[in-house]
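Participant: One-letter residues, chain by chain:
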Amino acid sequence: MKSMLLAGFFSLCASVALAETRTYDLTISQVQSTVGGKPVPKIAVNGTIPGPVLRFTEGDEAVIHVTNRLKTPTSVHWHGLLLPGVMDGAPGFNGFKGIAPGETFTYRFPVRQSGTYWYHSHSLGQEADGLYAGIVIAPKTPDPIQADRDYVVLLSDYHQDSAARIQANLKKSSDYYQYKRRTVGDLLKGAHQEGLGKALKSAGEWGKMRMLPTDLSDVTGYRFLVNGLTNAQNWTGLFRPGERVRLRFINASAMTMYDVRIPGLKMTVVAADGRPVQPVEVDEFRFGNAETYDVIVTPREDRAYTIAAESLDREGFALGTLAPREGMTGDIPAHRPRAVLRMGDMNMDVMMRDDPNMDMSQMDHDSGWADTGAPKGAVVLDYAQLKSLTPQSDTRAPTRFIKVVLGGSMERYIWTINGRTFSPQDGIALGYNERVRLIYVNETMMAHPLHLHGMFVQLENGQDTDRLPDKHTVIVPPGQTVSVLLSATEPGDWPYHCHLMFHMQSGMMTTLRVAAPEAGFVPPAAQPAPDHTSHGEGHHAHH
Amino acid sequence: MHIIKAVALFILLPSAAVAQHDHSATYHAVWLETAYSRHDGQDTAHWDADGWVGGDTHKLWLKSEGEVRDGDSEGEVWALYSRNVSTFWDAQIGVRHDFGIGDRTWLAVGVNGLAPYFFETEAHLLLGEDGTVGARLRQENDLLLTNRLILSPSLELNAVSQANPPHGTGSGLTDATAALQLRYEVNRRFAPYVQLDHQRKLGDTAKRARAAGEPDEDTRVSLGVRWLF
Numbered sequence: 001m002k003s004m005l006l007a008g009f010f011s012l013c014a015s016v017a018l019a020e021t022r023t024y025d026l027t028i029s030q031v032q033s034t035v036g037g038k039p040v041p042k043i044a045v046n047g048t049i050p051g052p053v054l055r056f057t058e059g060d061e062a063v064i065h066v067t068n069r070l071k072t073p074t075s076v077h078w079h080g081l082l083l084p085g086v087m088d089g090a091p092g093f094n095g096f097k098g099i100a101p102g103e104t105f106t107y108r109f110p111v112r113q114s115g116t117y118w119y120h121s122h123s124l125g126q127e128a129d130g131l132y133a134g135i136v137i138a139p140k141t142p143d144p145i146q147a148d149r150d151y152v153v154l155l156s157d158y159h160q161d162s163a164a165r166i167q168a169n170l171k172k173s174s175d176y177y178q179y180k181r182r183t184v185g186d187l188l189k190g191a192h193q194e195g196l197g198k199a200l201k202s203a204g205e206w207g208k209m210r211m212l213p214t215d216l217s218d219v220t221g222y223r224f225l226v227n228g229l230t231n232a233q234n235w236t237g238l239f240r241p242g243e244r245v246r247l248r249f250i251n252a253s254a255m256t257m258y259d260v261r262i263p264g265l266k267m268t269v270v271a272a273d274g275r276p277v278q279p280v281e282v283d284e285f286r287f288g289n290a291e292t293y294d295v296i297v298t299p300r301e302d303r304a305y306t307i308a309a310e311s312l313d314r315e316g317f318a319l320g321t322l323a324p325r326e327g328m329t330g331d332i333p334a335h336r337p338r339a340v341l342r343m344g345d346m347n348m349d350v351m352m353r354d355d356p357n358m359d360m361s362q363m364d365h366d367s368g369w370a371d372t373g374a375p376k377g378a379v380v381l382d383y384a385q386l387k388s389l390t391p392q393s394d395t396r397a398p399t400r401f402i403k404v405v406l407g408g409s410m411e412r413y414i415w416t417i418n419g420r421t422f423s424p425q426d427g428i429a430l431g432y433n434e435r436v437r438l439i440y441v442n443e444t445m446m447a448h449p450l451h452l453h454g455m456f457v458q459l460e461n462g463q464d465t466d467r468l469p470d471k472h473t474v475i476v477p478p479g480q481t482v483s484v485l486l487s488a489t490e491p492g493d494w495p496y497h498c499h500l501m502f503h504m505q506s507g508m509m510t511t512l513r514v515a516a517p518e519a520g521f522v523p524p525a526a527q528p529a530p531d532h533t534s535h536g537e538g539h540h541a542h543h
Numbered sequence: 001m002h003i004i005k006a007v008a009l010f011i012l013l014p015s016a017a018v019a020q021h022d023h024s025a026t027y028h029a030v031w032l033e034t035a036y037s038r039h040d041g042q043d044t045a046h047w048d049a050d051g052w053v054g055g056d057t058h059k060l061w062l063k064s065e066g067e068v069r070d071g072d073s074e075g076e077v078w079a080l081y082s083r084n085v086s087t088f089w090d091a092q093i094g095v096r097h098d099f100g101i102g103d104r105t106w107l108a109v110g111v112n113g114l115a116p117y118f119f120e121t122e123a124h125l126l127l128g129e130d131g132t133v134g135a136r137l138r139q140e141n142d143l144l145l146t147n148r149l150i151l152s153p154s155l156e157l158n159a160v161s162q163a164n165p166p167h168g169t170g171s172g173l174t175d176a177t178a179a180l181q182l183r184y185e186v187n188r189r190f191a192p193y194v195q196l197d198h199q200r201k202l203g204d205t206a207k208r209a210r211a212a213g214e215p216d217e218d219t220r221v222s223l224g225v226r227w228l229f
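Protein chains in written order, with the numbering used here: chain A, 1 to 543; chain B, 1 to 229.
In case anyone wonders, no lab produced these hints; they're calculated from the structure.
Small disclaimer: the values here were computed from a predicted structure and weren't measured.
Take these hints with a grain of salt, some might be off.
[Unchecked claim] Below, in silico cross-link-like pairs of lysine to any residue (SDA-like), each with a Cα-Cα straight-line distance of 25 Å or less:
id, chain 1, residue 1, chain 2, residue 2
1, A, 172, B, 148
2, A, 208, B, 179
3, A, 180, B, 141
4, A, 201, B, 150
5, A, 189, B, 151
6, A, 201, B, 144
7, A, 172, B, 79
8, A, 201, B, 152
9, A, 180, B, 145
10, A, 180, B, 120
11, A, 180, B, 149
12, A, 376, A, 269
13, A, 71, B, 25
14, A, 172, B, 48
15, A, 172, B, 149
16, A, 172, B, 25
17, A, 172, B, 175
18, A, 172, B, 73
19, A, 208, B, 151
20, A, 266, A, 382
[Stated by the list, open to error] Facing chain B, according to a computed beta carbon distance under 7 Å, are these residues of chain A, among others:
id, residue
21, 165
22, 168
23, 171
24, 172
25, 179
26, 183
27, 184
28, 207
29, 208
30, 210
31, 409
32, 411
33, 414
Cβ atoms here follow ideal geometry from the backbone N, Cα and C, with glycine treated the same way.
Starting from the given sequences, assemble the full structure and let the hints guide the process.
Facilitator: Next comes the structure, spelled out in structure tokens:
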């Protein structure tokens, strides 16, 4: 303990000695927001939603004074940043107690990385109510990503109902906000298109499981915002034709995943979750909650280009514009058809467990979720394409496999990790510097963006071990298995949860506990690797 | 014992919720149907309330239904401790009190949940003070004509082990009610409806009704509103 304290002290001295101290004052307060026309109470940082973008340079000492002007406790979590546990800002973890009304808490930590990140509240539904904003950290050395312009494009979903009200409504009735359920008419249409037998069989299969094939989003009624602006307010990033424009996309939405495209422009993905990746040219990408992507675009024509982020449930667009002059708008693309989930989105293990006699040979194994509706020939970013720009420093083989089962009951709106709703004493324990493989098994019909605080995981996406991409948030598609590697180098009790706000609030959260170096933690025996390879998807997410 | 435990939990649960992510908060839901029908020249008001308060595992479940005709009310009230025992099912234990023609209290044990193919199911065994054993089974389903116009067929079956002449019931299956409700969900909290109920007395109970010169079946139409609080 003593040696660690000393080491910590010296490293702090070292960073303080070399670094510049960058100070911010943030005030959290309730505001009456009129984005939807009707004034509703929301939560703002320094009076705005989103709050100010915080900018640092790698190596800085960050000093952030957060003052709570709410009537309830608050907190700010620095999403994706590597920092001491108590500075992570999740109340109830690592000795952080939250910020009481009227109090000022000072976050202080060395900035050990560069890239695009964001911050948000980790207290009840405050994030969904408006407490979020971007973080941009410039690298210490020259940026490998060169651009003439640099914009934050922060997407969020804005609801007239408070997060507490939405949560209470979902608990009353999990389909409270669902108005796209299949109707008798859809069944008749299906019968007309593919025959009555097939339509009834499909309805029967879903009915037997008590699941809905239209279960893409639990909450509707959102307005989608770009940097806090509505589509009518039209956030605009200016360019001169031929310039390289860097767009730092942040999905700060509480419940919405998007398909993002800029019709007429190719996007070159240069960073994922803040970490540089080898450039990949794409036409669009699927954007999970809490993820970030940096892309480079080079608009050449003297015209407006529309940044179109379409919600996965096709309820709307978050729209922005790239234009040579203010006041211009581009065309708004047509809505893509809404996906309908298929049997391929079911976790086969769960189906077999529920009905061992089920004949799966006749089943449609395609994923409805993965069907983005992109036109033929369009390149949609696949996780498998992400390749770290710099080699991974830790390429050890994992010594332990840990299954992280994402489950729940949509009917009762309960969401679980390894069969349990969140309880502070539960969790996954790792030794210091232990190298493990975390195997995410999604047993539900919804995609879950799984976020780990305090560390990056390396996504096992088929790239070479030393080029696996770092991620802080990983989408686990419905019914799929995804695996990641983790080097447990940051001691502490780290929140580990689905970043869909109401899934987390309904229990899909646990603790990942990394022992201190001197703790003498003995890892439990390795669990055998579960056999998921027989279902064709292996350990890689396809979406 | 369960009831005592449940009460203790309900007192403890709210204080356990603090301002961090805590799924163990207490929630509630109350569905209330209030309807009116004119039947045999009489105005009748009906109510059917179904509500709970609690957390993911433990709930206090309260139900009541009945009608008021010419100022006389008749109906039942249930108070149940409801515990989630599997994904789709709650086990329940508590009491049912009938009032109106003759007051009567039952001990109720049963299940409440969602059967495959989305059948909302309630099945309860009842034990009366006089040793009578009763049973009730209820199923309800939603057919979506559109996402807001919903046709909801339901079926209720009742049985008792012993005849109860003052109530006009014989032993065995006593009655079945099939209902068809067509409602329009303006939103989830407010849905006007029209409902057709057809009740038929069965077996010994039907025989007793016929012997007394009363009809053994009854059909009525009511207009109502369904609320969610």
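Participant: With reference to the structure, classify each hint as holding or not holding.
Facilitator: Each hint tested on the structure:
A threshold of 25 Å between alpha carbons decides the hint, and for residue 172 of chain A with residue 148 of chain B the separation of about 17 Å falls inside it, so the pair holds. Pair hint residue 208 of chain A plus residue 179 of chain B holds up; C-alpha atoms about 23 Å apart against a cutoff of 25 Å. With a CA separation close to 18 Å, the supplied pair residue 180 of chain A and residue 141 of chain B stays within the 25 Å bound. Under the criterion of a C-alpha separation no larger than 25 Å, the hint pairing residue 201 of chain A with residue 150 of chain B is consistent with the structure, at around 22 Å.
Proposed proximity of residue 189 of chain A and residue 151 of chain B is supported: the alpha carbons are some 19 Å apart, at most 25 Å. The straight-line distance between the Cα atoms of residue 201 of chain A and residue 144 of chain B is roughly 18 Å, inside the 25 Å bound, and the hint therefore holds. For the hint linking residue 172 of chain A to residue 79 of chain B, the alpha-carbon distance of about 19 Å falls within 25 Å, and the restraint holds. Our distance criterion of 25 Å between C-alpha atoms is met by residue 201 of chain A and residue 152 of chain B, whose separation comes to about 22 Å.
For the suggested pair residue 180 of chain A and residue 145 of chain B, the alpha carbons sit about 12 Å apart, so the restraint of at most 25 Å is met. For the hint pairing residue 180 of chain A with residue 120 of chain B, the CA-to-CA distance comes to about 21 Å; that is within 25 Å, so the pair holds. Between residue 180 of chain A and residue 149 of chain B the CA atoms are separated by roughly 13 Å; this keeps the pair inside 25 Å, and the hint holds. Taking the CA atoms of residue 376 of chain A and residue 269 of chain A, the gap is near 20 Å; set against the 25 Å cutoff, the hint holds.
For the given pair, residue 71 of chain A sits about 19 Å from residue 25 of chain B by alpha-carbon distance, which is consistent with the 25 Å threshold. Straight-line distance between C-alpha atoms of residue 172 of chain A and residue 48 of chain B comes to about 17 Å, which keeps the hinted pair within the 25 Å bound. Pair hint residue 172 of chain A plus residue 149 of chain B holds up; C-alpha atoms about 20 Å apart against a cutoff of 25 Å. Distance restraint check for residue 172 of chain A and residue 25 of chain B: the Cα-Cα separation of roughly 13 Å lies within the 25 Å cut-off, and the hinted pair is therefore satisfied.
About 31 Å separates the Cα atoms of residue 172 of chain A and residue 175 of chain B, which puts this hinted pair outside 25 Å; it is violated. Proposed proximity of residue 172 of chain A and residue 73 of chain B is contradicted: the alpha carbons are some 29 Å apart, above 25 Å. Only pairs whose Cα atoms come within 25 Å are accepted, and residue 208 of chain A paired with residue 151 of chain B is accepted, the gap being roughly 20 Å. Between residue 266 of chain A and residue 382 of chain A, the direct Cα distance comes to roughly 15 Å. Compliance with the 25 Å bound is thereby established for this hinted pair.
At about 12 Å, the closest approach between the beta carbon of residue 165 of chain A and any beta carbon in chain B exceeds 7 Å, and the interface hint on this residue is violated. This hint holds: residue 168 of chain A has a C-beta 6 Å from the nearest C-beta of chain B, less than the 7 Å allowed. Interface restraint check for residue 171 of chain A: the shortest CB-CB distance to chain B comes to about 4 Å, inside 7 Å, so the restraint holds. Checking residue 172 of chain A against chain B: minimum C-beta separation of about 4 Å stays under 7 Å; hint holds.
Hint on residue 179 of chain A holds. Least Cβ distance to chain B is approximately 4 Å, under the 7 Å limit. Contact between residue 183 of chain A and chain B, as hinted, is supported at the beta carbon level, the nearest pair being about 4 Å apart and thus within 7 Å. Because the smallest distance between the Cβ of residue 184 of chain A and any Cβ of chain B comes to about 6 Å, under 7 Å, the interface hint for this residue holds. The interface hint given for residue 207 of chain A holds, since its Cβ lies 4 Å from the closest Cβ of chain B, which is under the 7 Å cut-off.
The beta carbon of residue 208 of chain A comes within 5 Å of a beta carbon in chain B, closer than 7 Å, and the hint placing it at the interface holds. Residue-level restraint check for residue 210 of chain A holds (minimum Cβ-Cβ distance to chain B is 6 Å; threshold 7 Å). Hint on residue 409 of chain A holds. Least Cβ distance to chain B is approximately 5 Å, under the 7 Å limit. The beta carbon of residue 411 of chain A comes within 6 Å of a beta carbon in chain B, closer than 7 Å, and the hint placing it at the interface holds.
Interface hint at residue 414 of chain A: satisfied, since its Cβ lies 5 Å from the closest Cβ of chain B, which is below the 7 Å cut-off.
Checked against the numbered hints above, the structure breaks hints 17, 18, 21 and satisfies the rest.
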